[in-house]
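There are 4 protein chains.
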Amino acid sequence: MKTGNEYRESLRKLNPVIYFMGRKIEDVVEDPATKPHVNAVAQVYDLAFDPAHEDLFITTSHLTNRKIHRFTHIHQSQDDLVNKVRCLRAAGQKTGTCFQRCAGWDALHSMYLMTYEIDKHYQTDYHKRFRKYLEYVQDEDLTVAAGVTDPKGDRSLAASKQADPDLYMRVIKRQDDGIVVRGAKAHQTGAVNAHEILVMPTAALKSGEEDYAVAFAIPIDSKGITQIFGRQTNDMRKEENSFDAGNTKFGVVGGESLIIFDDVFVPWERVFMLGECDMTGYGIEIFACTHRQNYGGCKTGVMDVLIGATSLLTTYQGTKKASHIREKIIEMVLLNETLYGSSLAGGLTSSPTESGAYVVNRLLANITKQNVTRNLYEICRLAHDIAGGILATLPSEKDLNDPRYGHLIEKYMKSVDHYPANDRMKILRLIEAMTGGTALVEAMHGAGSPQAQRVIMQRYAELDAKENLAKKILDIE
Amino acid sequence: MKTGNEYRESLRKLNPVIYFMGRKIEDVVEDPATKPHVNAVAQVYDLAFDPAHEDLFITTSHLTNRKIHRFTHIHQSQDDLVNKVRCLRAAGQKTGTCFQRCAGWDALHSMYLMTYEIDKHYQTDYHKRFRKYLEYVQDEDLTVAAGVTDPKGDRSLAASKQADPDLYMRVIKRQDDGIVVRGAKAHQTGAVNAHEILVMPTAALKSGEEDYAVAFAIPIDSKGITQIFGRQTNDMRKEENSFDAGNTKFGVVGGESLIIFDDVFVPWERVFMLGECDMTGYGIEIFACTHRQNYGGCKTGVMDVLIGATSLLTTYQGTKKASHIREKIIEMVLLNETLYGSSLAGGLTSSPTESGAYVVNRLLANITKQNVTRNLYEICRLAHDIAGGILATLPSEKDLNDPRYGHLIEKYMKSVDHYPANDRMKILRLIEAMTGGTALVEAMHGAGSPQAQRVIMQRYAELDAKENLAKKILDIE
Amino acid sequence: MKTGNEYRESLRKLNPVIYFMGRKIEDVVEDPATKPHVNAVAQVYDLAFDPAHEDLFITTSHLTNRKIHRFTHIHQSQDDLVNKVRCLRAAGQKTGTCFQRCAGWDALHSMYLMTYEIDKHYQTDYHKRFRKYLEYVQDEDLTVAAGVTDPKGDRSLAASKQADPDLYMRVIKRQDDGIVVRGAKAHQTGAVNAHEILVMPTAALKSGEEDYAVAFAIPIDSKGITQIFGRQTNDMRKEENSFDAGNTKFGVVGGESLIIFDDVFVPWERVFMLGECDMTGYGIEIFACTHRQNYGGCKTGVMDVLIGATSLLTTYQGTKKASHIREKIIEMVLLNETLYGSSLAGGLTSSPTESGAYVVNRLLANITKQNVTRNLYEICRLAHDIAGGILATLPSEKDLNDPRYGHLIEKYMKSVDHYPANDRMKILRLIEAMTGGTALVEAMHGAGSPQAQRVIMQRYAELDAKENLAKKILDIE
Amino acid sequence: MKTGNEYRESLRKLNPVIYFMGRKIEDVVEDPATKPHVNAVAQVYDLAFDPAHEDLFITTSHLTNRKIHRFTHIHQSQDDLVNKVRCLRAAGQKTGTCFQRCAGWDALHSMYLMTYEIDKHYQTDYHKRFRKYLEYVQDEDLTVAAGVTDPKGDRSLAASKQADPDLYMRVIKRQDDGIVVRGAKAHQTGAVNAHEILVMPTAALKSGEEDYAVAFAIPIDSKGITQIFGRQTNDMRKEENSFDAGNTKFGVVGGESLIIFDDVFVPWERVFMLGECDMTGYGIEIFACTHRQNYGGCKTGVMDVLIGATSLLTTYQGTKKASHIREKIIEMVLLNETLYGSSLAGGLTSSPTESGAYVVNRLLANITKQNVTRNLYEICRLAHDIAGGILATLPSEKDLNDPRYGHLIEKYMKSVDHYPANDRMKILRLIEAMTGGTALVEAMHGAGSPQAQRVIMQRYAELDAKENLAKKILDIE
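Residue numbers (my numbering), protein chains in the order written: chain A, 68 to 544; chain B, 68 to 544; chain C, 68 to 544; chain D, 68 to 544.
To be clear, the hints were calculated from the coordinates, so they are not data collected in a lab. Take these hints with a grain of salt, some might be off.
Note that identical chains are pooled: a pair holds if it fits in a single copy or bridges any two copies.
[Unchecked claim] Straight-line Cα separation of at most 20 Å, SDA-like style, residue types lysine to any residue; simulated pairs:
| hint | residue 1 | residue 2 |
| --- | --- | --- |
| 1 | Lys465 | Pro99 |
| 2 | Lys395 | Arg441 |
| 3 | Lys228 | Ile239 |
| 4 | Lys91 | Asn468 |
| 5 | Lys219 | Lys388 |
| 6 | Lys316 | Asn132 |
| 7 | Lys465 | Glu306 |
| 8 | Lys91 | Glu307 |
| 9 | Lys195 | Ser128 |
| 10 | Lys80 | Glu477 |
| 11 | Lys199 | Ala389 |
| 12 | Lys199 | Pro487 |
Whole structure, please, built from the sequences with the hints as guidance.
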């Protein structure tokens with residue numbers, strides 16, 4: 068297993084092509100745009116060396132029986148899917164932001180299940196290939212980015228009906244030694260600082276769309292891959308090197324990028340699906356459900372930081388004991404723990420599959436996600452309510468330090484006397500960063516999708532059965 | 068273990084004094100006012116003989132190693148507190164209403180813990196007495212009513228400051244052979260059809276209020292006990308013997324009564340606390356938290372029936388496929404499963420005590436209860452929205468059967484052609500009964516109490532720690 | 068104009084056929100089932116003689132220039148549509164329940180507009196006929212029931228496609244002297260105690276459904292009309308003659324009935340539409356919007372009583388000064404006034420039609436209704452939360468008065484010392500009655516209908532225009 | 068009256084001292100940090116010359132009978148307070164952001180009322196002075212910034228108990244020709260681009276705090292005034308000169324600043340209160356209520372732009388016809404119009420004062436504000452839900468225009484074929500800007516304050532009266 072610093076070292080050996088704001092990012096470890104996101108992943112690596120967390124973050128590979136970082140493990144029990152949530156909360160508490168490594172974890176899990184199922188139906192050998200790949204990832208302790216969401220173009224049209232055929236990832240050539248793919252994956256978390264990318268289809272495909280039914284894994288710096296790093300709320304503040312950035316260490320979001328595959332070669336041993344359209348629906352549902360459970364872990368950890376920050380601010384401002392403040396803090400806690408509850412329960416009620424791996428309770432995973440998208444806004448609203456207008460109008464750190472008038476800001480930004488204005492301003496910046504636009508949107512992605520609703524409908528163990536409960540009570544035939 | 072019918076038989080041997088509407092209820096098993104509530108408890112007994120549920124409802128006594136009904140078991144593990152929730156949901160699904168036996172179960176659990184703690188502090192022998200009593204309850208498979216809530220008079224005054232000293236239960240005499248108590252317990256569920264009542268203090272008491280710090284158990288037909296059976300929404304319909312009562316088999320609420328103790332004698336071996344004021348806070352918190360977890364089980368089961376009934380109604384009315392109906396049903400499911408999630412999680416994260424028994428995660432138990440009080444109203448609102456105005460204006464079954472004009476009601480109350488008007492009317496009556504005033508109120512009791520809020524505040528594993536998370540990220544000392 | 072007592076007298080002269088619970092109601096003024104609803108309408112009559120309200124309740128007929136009761140007036144200005152809301156709130160405050168007379172008022176208003184429009188398109192003379200009828204209603208100060216909602220059978224089928232052709236009201240014969248109609252109107256408010264019924268189509272009809280496009284007015288006791296009075300929550304308590312009924316004077320709902328037209332003759336001068344299918348959509352939208360505005364008036368008045376009752380209860384129980392109680396009362400007020408605001412604004416922004424009559428702002432009318440269906444549940448939830456479990460388990464008045472044990476109830480139901488248990492129990496019964504099933508459902512009817520949503524969509528003054536606002540700011544063509 | 072350009076010219080003649088990010092802003096009209104806010108105010112000036120809006124924006128001074136811009140008018144009728152809301156909505160629709168000029172308007176209104184009341188109690192002549200000042204403001208068509216919110220230091224301490232006596236604005240010297248003041252006003256909207264600032268106390272003061280009871284008006288570039296312009300979400304994007312700033316023309320917030328008064332001289336004719344502590348409560352309540360009504364106007368206009376932008380995005384993305392999208396748009400409309408309704412109703416039910424000026428219905432004004440703080444978050448949440456993850460991860464305009472790889476972004480950011488990626492990206496940036504952190508917080512300021520709650524409690528026309536309604540129905544004495 069790698070330490071955070073070994074992870075940083077390993078990144079330095081890669082040469083991904085990444086652009087941002089019209090410039091090329093040469094060193095993801097040190098570039099101010101990407102550094103916080105590298106730090107957040109490094110923190111996840113380091114948690115496996117932290118005596119207080121190692122029990123949770125280190126586990127045993129079912130492939131090799133060797134000790135591995137849990138974030139490369141395939142869930143083998145209900146306990147595993149409960150411990151996943153605990154890990155995510157712990158990492159959220161430590162970083163106060165998205166630590167990025169979970170999407171790839173979920174992709175590994177989904178491909179493990181999907182390759183097993185494809186082989187069963189088609190007598191292919193994807194699963195064997197995939198296990199070999201997984202063993203490599205586990206042994207090298209690699210961070211794998213998930214490549215799932217295609218740009219999708221016109222949402223009212225299927226993959227194969229788009230004006231531009233590349234708006235969904237597709238195979239454009241089949242060769243003796245492998246395949247060539249073209250397309251893009253949009254807003255992928257933690258790819259600029261990953262070692263590998265694991266690509267899978269984003270939607271259920273129909274017969275006739277075989278070229279789009281492709282899954283594979285390759286190094287993130289493979290020839291033909293170009294990443295455009297996305298903008299974030301207040302991204303320019305990262306370059307100011309000031310506390311105005313809010314969470315200067317770990318950033319405020321996951322560091323997403325648009326990943327373009329401009330005719331990229333993939334060798335056969337890294338191809339895990341090719342043309343099995345009827346299995347894509349299963350795969351994307353497994354991935355989506357596995358991932359949706361996570362939000363009740365990571366976001367509750369992150370919200371712990373926000374609740375703590377807000378409570379600290381009331382100490383600084385002298386409002387801590389007011390009953391209306393106390394009730395709002397309680398409400399924030401209630402909204403947060405509700406998410407944690409259904410996420411844990413999703414693990415507790417997970418089920419085994421034929422492959423040996425466990426699948427989260429899909430109903431509860433989707434419930435969790437739906438509630439996250441509601442509760443987070445309400446928590447942020449309450450944080451704003453408690454913080455007050457100053458949150459939106461605070462002077463910059465540069466102004467605070469200006470020799471001409473900085474003392475005036477110091478004077479008037481002081482609140483309860485023995486706390487320095489500097490600390491109050493820092494905590495306000497953190498709250499601002501954690502409750503701003505981008506951070507919120509991130510949690511929302513895909514929440515209200517008809518797919519999520521369909522899963523809820525299907526997984527609610529048959530409405531008919533529930534109807535029968537009523538009939539039985541009433542003696543209706 | 069008893070079957071439902073054996074339970075009925077055992078009730079017939081008791082002679083409790085119960086009044087309702089100015090008359091004495093002579094036979095609780097057959098009286099229309101109480102029969103449905105007896106049926107609901109009988110159903111819980113029968114579930115232990117139901118092959119589909121016996122694994123869940125039968126367990127092993129940690130006292131005797133004998134097979135017992137789970138509803139008399141003291142939780143010995145996280146699994147026990149998870150299985151409790153599963154049992155409650157199953158029973159809720161079978162009865163579609165409050166099945167009453169859980170409050171006494173929770174009281175047994177709380178007294179088990181409390182007697183252990185009191186003995187530890189005071190070198191008393193309550194715990195030994197209590198274990199003996201528990202063994203009796205388990206072996207006889209008795210239904211024990213909880214006697215917890217005092218009338219409380221003026222809520223702004225403590226127990227000992229009330230104008231009438233009896234507004235909280237108290238000891239009025241200490242004798243060689245036992246004690247004499249006076250007072251009342253208000254709105255106690257399932258007492259008219261219980262075998263025993265287990266009384267404990269309702270609030271944290273202060274030094275000087277020793278007479279009020281009393282816990283004990285006695286047969287429900289002990290001399291001096293008078294019960295006044297409470298009114299329920301549409302209670303008179305039970306006497307009509309028509310489907311207008313909604314859930315004619317099991318009733319729509321728990322069948323609560325006001326239980327008056329007019330100088331009742333309790334022998335020493337049944338006294339489990341006397342004068343230890345400083346332990347009352349602990350006891351009531353354990354009881355409240357244990358009980359609050361339940362709502363995510365029983366109510367979700369009951370709501371399964373309601374969701375099923377509502378869905379069935381859309382079949383009858385021809386609206387099942389409308390997208391706005393489907394979205395409302397999904398929302399009902401989402402609100403319901405959210406409750407189940409945190410209730411299960413409360414069991415999963417429960418902790419052992421020195422006595423060996425486990426205590427539910429108190430934070431999650433209270434989160435569950437708070438959410439129940441919100442979500443149930445929203446679920447009912449959606450049921451009303453889907454059912455439409457007919458729910459509030461439906462003619463009676465008597466009218467439907469009237470030889471003069473019943474055919475006109477039949478004609479105009481028909482909806483989708485091949486479903487009889489009779490069935491549609493029955494399902495409407497069930498929905499009406501399940502969403503009406505009394506049923507709603509029942510779930511609300513104690514929800515917004517400062518005590519519940521205090522527990523949330525205390526159990527949220529220290530705000531300070533959360534504040535430190537924020538400080539750490541910011542390098543604030 | 069009539070006084071309340073003159074209204075009662077006039078009802079006694081009619082002979083409507085009404086059944087309830089298998090018996091015929093011979094005297095609607097005195098029968099316990101209908102008396103409270105008669106009282107509520109009588110109260111509306113009396114408000115025109117109340118010096119504090121006469122300015123609001125008396126206005127001048129635009130037809131005759133004579134003084135008339137506002138509830139028969141056709142709105143001629145924005146002020147009229149604002150004053151309507153004020154009247155409704157005042158009547159709601161006085162009765163604490165549905166006072167029934169507004170649905171007929173809205174039907175008069177809608178038919179006034181609709182007949183004008185039909186004449187314009189078809190050169191018919193319905194409007195002239197209708198003005199003559201209106202003059203009669205105004206001069207005699209009659210209560211007119213609206214007959215709008217057909218049973219509708221299978222909701223997925225149109226009027227003419229039902230298995231039974233009578234599930235929507237239709238003309239079955241056209242004669243020299245008039246027409247003969249068959250069908251029913253379901254859950255119509257205040258028809259058992261009305262003088263007349265004004266019938267109009269319930270839905271937009273298509274070409275080929277001419278027989279269903281019929282509107283007319285006739286006396287409520289016309290030959291062939293049979294009413295089945297609907298059940299209400301706790302309806303049997305009205306016959307007990309006890310305060311357990313909650314609002315014993317005015318009832319807790321509107322007193323709805325199923326009105327069956329078994330081949331009823333209507334003379335030509337009372338026919339206001341016949342066969343103009345393409346106008347039915349306009350008519351029902353006008354009626355629905357006019358009626359939906361009302362809820363921000365009547366329900367806010369009724370909720371004033373509930374908020375008052377709940378606040379009074381906290382006085383009796385000694386919780387009035389607790390900060391969490393105060394916050395809940397504030398929230399109830401906030402939810403209630405929000406409804407009033409949009410209802411008033413709907414009048415303020417109403418528009419004139421060619422007929423001279425004004426039409427409410429349809430967007431705001433629908434917003435009001437949607438919010439009513441949400442806010443009322445929340446208000447009731449808060450009332451339940453404040454009242455506590457006693458609301459669902461209170462002994463009966465009969466028990467309180469029982470010579471054997473009534474003193475025990477008196478003793479234990481007392482709260483703050485100087486308020487009698489009797490008053491506390493009465494106020495609890497009122498809250499129970501006002502927040503129970505039926506009362507809630509009543510407000511919900513039709514709320515989430517696609518029709519209501521369509522109106523919102525259409526009336527939101529063109530999304531395109533809003534899109535252009537955004538384009539303009541961005542200089543997008 | 069001034070045009071927008073004349074307003075810009077007039078600003079150029081002033082010399083306010085403004086710092087931002089460690090540099091001095093020399094030209095507020097052109098500096099990228101402040102230019103959008105100048106533009107927004109200029110737009111309000113121009114609306115008086117826009118034929119479609121002049122009727123609303125031009126009115127007649129009650130002082131001089133001359134035509135004036137409505138934003139300097141003192142409300143003389145219910146119509147005025149209704150038209151205020153209409154003006155605010157129109158300006159919000161035109162600018163899509165805070166147009167800043169209303170806070171000063173409200174301050175003028177409040178001081179008009181407050182000076183009248185002070186004179187009545189103290190026989191002072193503030194009102195005469197103030198009318199002279201108002202006439203000047205009206206004739207010159209000046210933009211007046213409100214100076215209301217003091218830094219307040221430790222919120223648990225009164226003005227005079229702070230460790231630093233300057234944390235509330237105070238008089239430090241009384242001279243023959245005027246007074247000298249010291250202190251600061253925090254997060255004041257639209258002060259950097261105002262002509263004048265009108266200062267009033269922020270809180271109800273007690274006897275002994277006379278030095279803090281001071282109100283006055285002076286030019287914004289008076290000697291001793293230093294402004295620190297506050298940071299905004301994504302403020303650095305304004306300097307990039309790209310569409311990434313979202314609303315590049317008018318900005319996304321109001322342009323707030325911290326205004327420091329470092330011993331500033333005020334001549335007597337501009338002093339409008341000095342030492343009358345007992346009147347400060349009245350003044351701040353009038354200001355707060357007047358201002359809170361506004362949010363139902365300005366924010367609904369701004370949200371019209373957001374709803375339009377979101378709807379436009381669904382056109383670009385091909386999701387417009389999906390039923391779940393349509394329901395979300397309807398919900399956004401519903402939430403928005405609810406605010407407008409209570410704001411209009413607040414004007415409709417406003418009342419005259421002895422001074423002739425009208426005061427908004429304080430209950431409805433506070434209801435409006437409370438609802439704004441809730442509904443806006445929900446509207447933003449829905450906008451995020453509809454927009455999807457791309458909102459949080461969009462590449463920059465600079466990247467789009469990069470000659471090396473810009474074509475790839477163009478290719479993959481296209482959605483429905485005939486709309487350019489450029490337009491889709493612009494609309495996404497606008498939505499991002501309008502729903503981000505700072506913009507949200509702005510609306511929240513002061514919402515949950517105990518003061519606002521107190522107003523609701525007091526203005527709910529006496530709970531006692533409501534209690535009596537219940538008593539009357541029940542014949543309770």
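For each hint, the structure was consulted:
no.: 1; hint: Lys465 - Pro99; in the structure: both (18 Å within a copy, 18 Å between copies)
no.: 2; hint: Lys395 - Arg441; in the structure: both (16 Å within a copy, 14 Å between copies)
no.: 3; hint: Lys228 - Ile239; in the structure: within (16 Å within a copy, 54 Å between copies)
no.: 4; hint: Lys91 - Asn468; in the structure: between (32 Å within a copy, 14 Å between copies)
no.: 5; hint: Lys219 - Lys388; in the structure: between (51 Å within a copy, 17 Å between copies)
no.: 6; hint: Lys316 - Asn132; in the structure: neither (35 Å within a copy, 56 Å between copies)
no.: 7; hint: Lys465 - Glu306; in the structure: both (13 Å within a copy, 17 Å between copies)
no.: 8; hint: Lys91 - Glu307; in the structure: both (19 Å within a copy, 18 Å between copies)
no.: 9; hint: Lys195 - Ser128; in the structure: within (16 Å within a copy, 48 Å between copies)
no.: 10; hint: Lys80 - Glu477; in the structure: neither (45 Å within a copy, 31 Å between copies)
no.: 11; hint: Lys199 - Ala389; in the structure: neither (59 Å within a copy, 43 Å between copies)
no.: 12; hint: Lys199 - Pro487; in the structure: neither (56 Å within a copy, 44 Å between copies)
In this structure, the earlier hints numbered 6, 10, 11 and 12 are contradicted, and the remaining ones agree with it.
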